Every structure is written in structure tokens, then in C-alpha cells.
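Novice: Sequence:
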Amino acid sequence: MFPEGDEAKEDCGSRDEWTLLFWTSLAVIVPVILTLWCSAGRSKRKTYMKDFFRKSKHGWHYTDLFNKPTYCCICAQHILHGAFCDCCGVCADEQCLRRADRSLPCKEIMAPSRPDGTTEHSWVRGNVPLASYCAVCKQQCGTQPKLCDLRCVWCQTTVHDDCMDDLAKGDACDLGEFHSLIIPPHYLYRVNKLRRRHPDEYSKLGASCGRSWTPVLVLANTRSGNNMGEALLGEFRTLLNPVQVFDLSELTPSKALQLCTLLPPGRVRVLVCGGDGTVGWVLDAIDAMKLKDQDQFIPRVTILPLGTGNDLSNTLGWGAGYAGEIPVEQVLRNVLDAEVVKMDRWKVQVASKGVYFRKPKVLSMNNYFSVGPDALMALNFHAHREKTPSFFSSRIINKVVYFLYGTKDCLVQECKDLDKRVELELDGERVALPSLEGIIVCNIGYWGGGCRLWEGMGDDPCPPTRLDDGLLEVVGVFGSFHCAQIQVKLANPVRLGQAHTVRLVLKSSTMPMQVDGEPWAQGPCTITITHKTQALMLYHSAEQTDDDDETSASEPDSPAPHDSPKPPWSTTVQA
Numbered sequence: 001m002f003p004e005g006d007e008a009k010e011d012c013g014s015r016d017e018w019t020l021l022f023w024t025s026l027a028v029i030v031p032v033i034l035t036l037w038c039s040a041g042r043s044k045r046k047t048y049m050k051d052f053f054r055k056s057k058h059g060w061h062y063t064d065l066f067n068k069p070t071y072c073c074i075c076a077q078h079i080l081h082g083a084f085c086d087c088c089g090v091c092a093d094e095q096c097l098r099r100a101d102r103s104l105p106c107k108e109i110m111a112p113s114r115p116d117g118t119t120e121h122s123w124v125r126g127n128v129p130l131a132s133y134c135a136v137c138k139q140q141c142g143t144q145p146k147l148c149d150l151r152c153v154w155c156q157t158t159v160h161d162d163c164m165d166d167l168a169k170g171d172a173c174d175l176g177e178f179h180s181l182i183i184p185p186h187y188l189y190r191v192n193k194l195r196r197r198h199p200d201e202y203s204k205l206g207a208s209c210g211r212s213w214t215p216v217l218v219l220a221n222t223r224s225g226n227n228m229g230e231a232l233l234g235e236f237r238t239l240l241n242p243v244q245v246f247d248l249s250e251l252t253p254s255k256a257l258q259l260c261t262l263l264p265p266g267r268v269r270v271l272v273c274g275g276d277g278t279v280g281w282v283l284d285a286i287d288a289m290k291l292k293d294q295d296q297f298i299p300r301v302t303i304l305p306l307g308t309g310n311d312l313s314n315t316l317g318w319g320a321g322y323a324g325e326i327p328v329e330q331v332l333r334n335v336l337d338a339e340v341v342k343m344d345r346w347k348v349q350v351a352s353k354g355v356y357f358r359k360p361k362v363l364s365m366n367n368y369f370s371v372g373p374d375a376l377m378a379l380n381f382h383a384h385r386e387k388t389p390s391f392f393s394s395r396i397i398n399k400v401v402y403f404l405y406g407t408k409d410c411l412v413q414e415c416k417d418l419d420k421r422v423e424l425e426l427d428g429e430r431v432a433l434p435s436l437e438g439i440i441v442c443n444i445g446y447w448g449g450g451c452r453l454w455e456g457m458g459d460d461p462c463p464p465t466r467l468d469d470g471l472l473e474v475v476g477v478f479g480s481f482h483c484a485q486i487q488v489k490l491a492n493p494v495r496l497g498q499a500h501t502v503r504l505v506l507k508s509s510t511m512p513m514q515v516d517g518e519p520w521a522q523g524p525c526t527i528t529i530t531h532k533t534q535a536l537m538l539y540h541s542a543e544q545t546d547d548d549d550e551t552s553a554s555e556p557d558s559p560a561p562h563d564s565p566k567p568p569w570s571t572t573v574q575a
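Counting with UniProt numbering, you get residues 1 to 575 for the letters of the sequence shown.
What the hints contain is simulated information worked out from the structure, not anything from laboratory work.
There could be a bad hint or two in this list.
[To be verified] In the DSS-like style, the derived pairs of lysine-lysine whose C-alpha atoms are separated by at most 27 Å in a straight line are: (1) K489 with K507; (2) K292 with K532; (3) K55 with K255; (4) K290 with K532; (5) K255 with K204.
Being a predicted model, the structure only gives us computed values, none of them experimental.
Using the sequences and the hints given, assemble the complete structure.
Specialist: Structure, rendered in C-alpha cells:
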């Protein structure tokens, strides 16, 4: 009897084990299958959406969760996810998307005006901005939990549904607060009707937009710094004419700037959203316009800093980095208030030794040229970013990686004995070099992500720096640790002098070099830096953010562009 009872217990235990194994497997496999099925469906839906958005007249974007209470403009139901147009603000769920695309008009980039020359309002119902007020009764709009009230997509005026009848008949759209920055649809309509395309004709048409009309073109690099470009493009399309907002990942600056040739000469401003490299890309495109005899259409350039270093932006008073701390509306107000200054641009010619039949490499320089430890850090960072670009999506991460490479170089000292490998000439005169690891040639006041290199600690008097004096400041550093000391104001650089022309001869070995953050490894060569041209930039001298004010208060001895007096180099130019 006992053996049979043991066998029964064993069979029962075996069945229990198989049952447990079955349910455990089911608990693991079913969620995995459901996840894969949902992922496949989502991928298929995204492909369909992408194709639909590409063919649509709206600027649709899909979101899994709206950041505020949102209602479908077709069925008026509350929706958590769906699509929205970043040009006109229309929202719709997936079921109503096709109908919304067919029946609801978007912003017309080109349209005739009324017979009296005014522009009609273009209303969109529902989803008005938070804290918006009715133009008629002055009470808050959008307070009811439903699709209600209206907004003009051009002037951003909001009106209650009940107040719409009380709005003055024939009330014209004045394009709102930023009318002097917007390219009106009727202007492009009239330009399209012109039989004679001439700058004088554009000036006559521009007179109808007012004397203060200075249209702005927005050029955004969606890959810069912390990847804010995508969201900024949508915000600018909402406030401006979508035709004047460009994504540089889809269109080159040269093609985007051709719009300048359809606008009154001398009035256009260009807002570059990106890092210093993006600004250099745009300035090179402007130089190309000069070669096409389009000098009269040259725009003035301003910066919204999205990169990692942003030294040029810092020098021009636009801050060390933008992370959404001020609204886009304030950015446009700052552009309106900015003054025009000139900035020197330089030609860097690299002639490799032993290569006689190849043309020298020619680069443009706005910020600085360097050879040594800071160029080595930039080269290592660039190589790492090329391998894993998705990892470098944050300005903080980028700076941490720079710090790690700088720490490594403090131990390895790959650039030591630079003074034995190079010869330096300033305006044709040979300069005796101390025992250095790096040489930096600066055109602007800031270097290395916010350090005033030429001034150092500020306790040693030195000639002032200017953006438009045709002079370069040349300094030397003893290594990565010395660079770090200069950045925290514990040491001064080795000031080697100022010059109109800089010539540097690399006699032997391969050294890391960089121009405006673009690094490469260079063998024996001769580098000549000469003046190229001057660019018209916009300088902002007003305080920008509360965060900047707090920083200034905590560090009174650290001058910042936004709280400094008017710089000596800011020779204003008539806009």
C-alpha cells in the first residue's frame, strides 16, 4: 500500500508542477505576444500616418498624450491622443483626421487681401491658449470643458462664441503683436503677380506693410544640442507665416535664404536656432549670396542657442544656451529690440606639406581656431558622437563627456612639447613660444562654453577685444588642467599677442586641430589665417531670464553679455 501511495503522490506532484509551468509560461508569453502585436500595429500606424502627413496641406504631428485638455475639432469629443497641426492649431483624433484634413483650412501662406487692402481673420474653433481673453468682453476664454471659443491663426485674437456676433463687422486682422516680423499672405500674393521682379518693386510692396516691417526667417537645426528644434519649429509656425520657418534637416540654408531675394532689401532678419556650427553654416550661405551679386539682400543674423558651447551666442548677448526658460514670444520681442553690429569673419587656409598638386583646404572661422588639448577633446567627442549619435541628446551629457576627455588628457598629455613642433608668426614676425601644449586663436570674447579666455582672471590689464577691429587674439595654454583653471578663473592664459594675420607651421607629427568646434587630425602643414569679410549680426543687450539674473547676483565678478554695459566693439549699423 505504501509504494502505491507514494506513486500517487508523485503523479499528483508532477501534475502540479506541469500546471504551474503551464500557467507561468502563459503569464510570460501572452504579455510578450500582446506587446509584439501592439508594437507591430503601432509601427504600421506610424508608417500610415507619416505618409498621410506628408501629403496633407496641414502640418500634422501625432502625439500619444496632449499636455492640456484637448477636444477634437470635428466631433468635439475630449481626446487624450491624436494629431494636431502646428501651423493653425487644429486638433483631431484618428477617426476624424481625414475629415479634418478635408474640411478645415490651414494657414494660407499666400492669399489676396480685401479690396481695401486689409486682411481677414482666419478663425479656428476650440483649444484656445490658456489664459487668453476675449477681444470683445475681455473675459477669459476656453474655461468651459468643451470645444468652445475661437482664435485667429494670424493675430492670435480670441473671442467667445457668444461674442462673435458683437465683433465689429469687417474687423480686420492686423497680424497681432508680431506683425512687423510676419510675411503677410497678401505680400507673397502680390509678389507672385509681379511681371517685373526688381528690388524696387519689392520695396514698394513692403511699404504697404509699414516702415517698421523687418520680416524674420527662422532656420532651425533639429539635431543641435538638446534636440529642441522640432518643438521650436512648431511654435514659430504658429506665430509666423509657415513659409518663413525652415527645418535645416530638410532644406539647406542656401535654398532657405533665397526667400530673402523676394523681400525688400536690407530689411530681413534671420533667426538661427542651433549651435555655433549651424550659425557658421548659415553665414557661409550668406557669403555665397555675395558671390551671386545678391549683396543688397543680405540679412542680419541673430541666434537662439541650442548647441553645447554657444560661445558666439554668448558674445552677442543671446545667452549660453536656450532650454525653454523664456517663451518663444519673448524671443521674438528680443529680436525686435536687437541692434545691428558687424563681426569679422576669417579664412583659414591649411596647406599640407609634401602635397603640391592639391589645393589647400580652406575653412571659414567665426569663433576660434586651436591646436592642442581643447582640439583633442573636440576630436574625441566628435568621434564618439558619430558612433552613437542618440546618446548625445542632452547639453549636460555633452559637457560631461567633454569633461571626461579633458580629465583623460590631463593624465596622458598627448599634446606636450607643442612649442618644439610648431612655429608661430603674427603679422610676419616670429614669436618665441614657451613650453606649451596648445595655441588658441580667438575672434570673439568667449571660448570653451562661456570662458573669457583673453581676459583670464581679469587682474592683468590687456588690450580690449572687439568683433569688428580686424584683429585676432592669440593665446597659449600649458595643458588641459591649465584650460580648466582658466575656465574657473584660477589662472591666466599665456597672451602671445594680437595680429591681423596669423601663420602657424606644424613641422612634424600629427596634431588635433579645430575650427569653431569642427575637429580633425592634421599632419605637417602650414596654416594661414587672414581676414575674409564682415557679417551683419544682431546684438541683444537686455536681460533675458530670471535664471540669468540670479546667476549674475551670485557671481558679481563674472561679466555676462546680458548684464554688461554696451560693449566697445558694438559699432551699430543702420538696419
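Novice: Now tell me, hint by hint, if it's right for this structure.
Specialist: Cross-check of the supplied hints:
{"no.": "1", "hint": "K489 with K507", "in the structure": "violated (33 Å)"}
{"no.": "2", "hint": "K292 with K532", "in the structure": "holds (17 Å)"}
{"no.": "3", "hint": "K55 with K255", "in the structure": "holds (22 Å)"}
{"no.": "4", "hint": "K290 with K532", "in the structure": "holds (12 Å)"}
{"no.": "5", "hint": "K255 with K204", "in the structure": "holds (25 Å)"}
Comparing the model with each earlier hint shows a violation of hint 1 alone; every other hint is respected.
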